[in-house]
Every structure is written in C-alpha cells, then in structure tokens.
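> For reference, the chains in residue letters:
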Amino acid sequence: DTAVSQTPKYLVTQMGNDKSIKCEQNLGHDTMYWYKQDSKKFLKIMFSYNNKELIINETVPNRFSPKSPDKAHLNLHINSLELGDSAVYFCASSPLWGQGANHEQYFGPGTRLTVT
Amino acid sequence: QQQVKQSPQSLIVQKGGISIINCAYENTAFDYFPWYQQFPGKGPALLIAIRPDVSEKKEGRFTISFNKSAKQFSLHIMDSQPGDSATYFCAASEGSSNTGKLIFGQGTTLQVKP
Chain A
0 DTAVSQTPKY
10 LVTQMGNDKS
20 IKCEQNLGHD
30 TMYWYKQDSK
40 KFLKIMFSYN
50 NKELIINETV
60 PNRFSPKSPD
70 KAHLNLHINS
80 LELGDSAVYF
90 CASSPLWGQG
100 ANHEQYFGPG
110 TRLTVT
Chain Y
222 QQQVKQSPQS
232 LIVQKGGISI
242 INCAYENTAF
252 DYFPWYQQFP
262 GKGPALLIAI
272 RPDVSEKKEG
282 RFTISFNKSA
292 KQFSLHIMDS
302 QPGDSATYFC
312 AASEGSSNTG
322 KLIFGQGTTL
332 QVKP
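Top to bottom, those sequences are chains A and Y. So that you can map any letter, position 32 of the first sequence is 31 in the working numbering, and since no number is skipped, the others follow by simple counting. All you need for the working numbering is the position in the second sequence, starting with 1, plus 221.
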C-alpha cells in the first residue's frame with residue numbers, strides 16, 4: 000500500500016486557471032506538509048498542518064490555499080495559475096508533533112505542474 | 222537567506238569509491254539533521270539522520286559525520302554503487318519550534334560510474 004499518495008501525478012494547464020492537487024497518507028501521522036521543488040531541484044516548504052490545524056505558512060502567494068478535511072488528507076488549491084508556478088509539488092507527512100518530536104518526514108511521489 | 226549550504230552541486234565517483242557530500246548550517250538552534258535520497262521522478266526518501274549529541278552515525282554503507290563546533294555535517298557513502306546514483310539533500314530542523322519544518326540544502330547529484 001502506498002504510504003503517501005498524490006493525485007494527479009502530472010498536471011498541465013494554462014495560465015489563469017485554478018487547479019487542485021490532492022494528498023492522502025495512510026500512515027496515521029499527525030502532521031502533513033506541502034513542498035515545492037523548482038527546476039533546480041531546490042526544495043522549499045510551503046505549508047504544514049497538524050491534525051487539521053495550520054502550523055506553517057511560509058511566504059507563499061495567497062493564490063495558494065491548503066485545505067485539510069481530516070488529518071489523513073491535505074489538499075493544495077492554486078488560483079490564477081502563473082508560469083512561475085510550474086514546479087514539482089510534494090506532499091509529506093510526519094509521525095509526531097511537539098517537543099522532542101520525531102521529525103522524520105515521508106514524501107509522496109510528487110505532482111509535476113506545468114503552466115503554459 | 223540560505224540557512225543550509227550543500228556542496229558539491231554534482232559528484233562523479235567510480236564504483237567502489239567513497240562519495241562525500243558536505244553541508245554547513247547557520248542556525249545553532251537546529252537539532253535534527255537528516256539526509257534524503259531522491260531518484261528521478263520520485264519523492265525524497267529519508268536515508269539517515271543525526272542529532273547533535275553524537276558525532277557520527279552509521280547505517281550500512283552510509284555514515285553521517287557531525288561537527289557541532291564547525292556547524293558542519295557530511296554524508297559518506299562507502300563502496301559506492303551505480304544504484305546509489307541519485308540526488309542527495311541534507312536538511313536541518315529546529316526541534317523547539319514544534320513544527321518539524323525542514324530547511325533543505327541545494328542538493329547534490331551523484332553519479333556512480335560502473
């Protein structure tokens with residue numbers, strides 16, 4: 000069984016469109032993350048949720064909005080897509096949260112977003 | 222501001238050789254230092270991690286060396302194999318922040334030649 004899954008794997012869309020990427024984890028983890036990997040492979044955190052509560056909100060355009068319907072799911076909605084949004088987006092999850100937590104993060108397979 | 226600096230950007234090693242990737246950090250509050258391995262088209266996968274209370278951690282052919290005073294840590298891959306060809310990322314996080322936020326290095330593309 001896939002531990003952290005994302006859909007879709009590939010997403011090609013035009014500028015100005017709105018799109019969503021879905022993420023699900025079946026590991027029973029408390030915390031989920033969204034990362035962006037640019038064309039130079041640099042990984043940068045965007046958001047994090049712990050049990051449906053937003054705990055990390057990096058400097059990301061407000062066109063990006065995460066939504067967590069339950070602790071096993073964290074979706075990413077992007078409005079008014081721009082060329083610069085083209086990247087690979089990774090979802091990740093982590094088993095514990097809090098002081099002394101194990102910060103091991105398990106990544107999904109990624110969603111390659113191409114904006115034309 | 223790049224808080225974790227990784228080098229080299231790319232590395233070519235012969236099969237059986239030792240691959241060494243270095244990272245330096247700035248924030249002395251960092252207390253968790255993982256290494257991730259990423260194959261093309263896949264997500265990063267945790268390889269090995271260390272906390273600053275030890276200077277070295279070994280798992281199979283992979284070893285992390287940690288120098289707290291120099292604020293540096295490195296990954297050594299012994300007996301490198303073609304299957305080790307991948308991109309490697311070091312990272313760091315601050316446990317007291319309670320967020321698990323990982324700051325990644327820029328990545329090193331490793332090619333192991335047969």
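If you are wondering where the hints come from, they were derived from the structure by calculation, not from laboratory data. Incorrect hints may appear among the rest.
Which chain Y residues stay away from chain A? Per the calculated CB distances, all over 10 Å, these [what the hints assert, rightly or not]:
id: 1; residue: P229
id: 2; residue: L232
id: 3; residue: G238
id: 4; residue: A245
id: 5; residue: K263
id: 6; residue: L267
id: 7; residue: P273
id: 8; residue: D274
id: 9; residue: G281
id: 10; residue: R282
id: 11; residue: N288
id: 12; residue: K289
id: 13; residue: A291
id: 14; residue: Q293
id: 15; residue: Q302
id: 16; residue: I324
Dumping the calculated PhoX-like pairs for lysine-lysine here, alpha-carbon to alpha-carbon at most 20 Å [unchecked claim]:
id: 17; chain 1: A; residue 1: K21; chain 2: Y; residue 2: K263
id: 18; chain 1: A; residue 1: K39; chain 2: A; residue 2: K51
id: 19; chain 1: A; residue 1: K51; chain 2: Y; residue 2: K322
id: 20; chain 1: Y; residue 1: K226; chain 2: A; residue 2: K40
id: 21; chain 1: Y; residue 1: K278; chain 2: Y; residue 2: K292
id: 22; chain 1: A; residue 1: K43; chain 2: Y; residue 2: K278
id: 23; chain 1: A; residue 1: K43; chain 2: Y; residue 2: K226
id: 24; chain 1: A; residue 1: K8; chain 2: A; residue 2: K40
id: 25; chain 1: A; residue 1: K66; chain 2: A; residue 2: K8
id: 26; chain 1: A; residue 1: K39; chain 2: A; residue 2: K18
id: 27; chain 1: A; residue 1: K40; chain 2: Y; residue 2: K278
id: 28; chain 1: A; residue 1: K39; chain 2: Y; residue 2: K263
id: 29; chain 1: A; residue 1: K8; chain 2: A; residue 2: K21
id: 30; chain 1: A; residue 1: K70; chain 2: Y; residue 2: K226
id: 31; chain 1: Y; residue 1: K322; chain 2: A; residue 2: K40
Cβ atoms here follow ideal geometry from the backbone N, Cα and C, with glycine treated the same way.
> Against each hint, give a clear statement of whether it holds in the structure.
Evaluation of the provided hints:
Remark: the non-interface label on Y:P229 is consistent with the geometry, its nearest Cβ contact in chain A lying 14 Å away (cut-off 10 Å). Even its closest Cβ contact with chain A, about 14 Å, leaves Y:L232 beyond 10 Å, as expected for a residue assigned away from the interface. Chain A leaves Y:G238 outside its interface by the beta-carbon criterion, the shortest separation being 23 Å against a cut-off of 10 Å. No beta-carbon of chain A is positioned within 10 Å of the beta-carbon of Y:A245; the least distance is around 16 Å.
Non-interface call for Y:K263 relative to chain A: violated, since the shortest CB-CB distance, roughly 6 Å, does not exceed 10 Å. For Y:L267, the condition that its CB be more than 10 Å from all CB atoms of chain A is violated, with the nearest at approximately 6 Å. Listed as outside the interface, Y:P273 is consistent with that label: its C-beta sits roughly 14 Å from the nearest C-beta of chain A, beyond the 10 Å cut-off. Distance check on Y:D274: its Cβ is at least 12 Å (rounded) from any Cβ of chain A, clearing the 10 Å threshold; non-interface status holds.
Consistency note on Y:G281: stated as away from chain A, and its beta-carbon is indeed over 10 Å from all of that chain's, at 17 Å minimum. With a minimum CB-CB distance of about 20 Å to chain A, Y:R282 clears the 10 Å threshold, and the non-interface call stands. With 10 Å as the threshold on Cβ separation, the claim that Y:N288 sits away from chain A holds: the shortest Cβ distance comes to roughly 21 Å. A cut-off of 10 Å between C-beta atoms confirms that Y:K289 is not in contact with chain A; the least separation is 18 Å.
A cut-off of 10 Å between C-beta atoms confirms that Y:A291 is not in contact with chain A; the least separation is 23 Å. Non-interface status of Y:Q293 relative to chain A is upheld: no Cβ of that chain comes within 10 Å, the nearest being about 20 Å off. Interface exclusion of Y:Q302 from chain A stands, the closest Cβ pair being 22 Å apart, more than 10 Å. Not every beta carbon of chain A lies more than 10 Å from that of Y:I324, the smallest distance being close to 8 Å; the non-interface claim is violated.
The hinted pair formed by A:K21 and Y:K263 meets the criterion: a straight-line CA distance of about 17 Å does not exceed 20 Å. A hinted pair counts as satisfied when its Cα atoms are at most 20 Å apart, and A:K39 with A:K51 does not qualify at roughly 31 Å. Of the supplied pair hints, the one linking A:K51 and Y:K322 holds, its CA atoms being roughly 16 Å apart against a limit of 20 Å. Between Y:K226 and A:K40 the CA atoms are separated by roughly 14 Å; this keeps the pair inside 20 Å, and the hint holds.
A hinted pair counts as satisfied when its Cα atoms are at most 20 Å apart, and Y:K278 with Y:K292 qualifies at roughly 16 Å. Note on A:K43 and Y:K278: the hinted pairing is violated, with a Cα-Cα distance of about 26 Å set against a maximum of 20 Å. With a C-alpha separation of about 14 Å, the suggested pair A:K43 and Y:K226 falls inside the 20 Å cut-off, and the hint holds. Distance restraint check for A:K8 and A:K40: the Cα-Cα separation of roughly 17 Å lies within the 20 Å cut-off, and the hinted pair is therefore satisfied.
Annotation: proposed proximity of A:K66 to A:K8 holds, straight-line Cα distance about 19 Å (limit 20 Å). Only pairs whose Cα atoms come within 20 Å are accepted, and A:K39 paired with A:K18 is rejected, the gap being roughly 23 Å. Distance restraint check for A:K40 and Y:K278: the Cα-Cα separation of roughly 26 Å exceeds the 20 Å cut-off, and the hinted pair is therefore not satisfied. Simply put, A:K39 and Y:K263 have alpha-carbon atoms about 15 Å apart, close enough for the 20 Å limit, and the pair holds.
For the hint linking A:K8 to A:K21, the alpha-carbon distance of about 10 Å falls within 20 Å, and the restraint holds. Distance check on the hinted pair: A:K70 and Y:K226 sit about 33 Å apart at the alpha-carbon level, beyond 20 Å; violated. For the hint pairing Y:K322 with A:K40, the CA-to-CA distance comes to about 18 Å; that is within 20 Å, so the pair holds.
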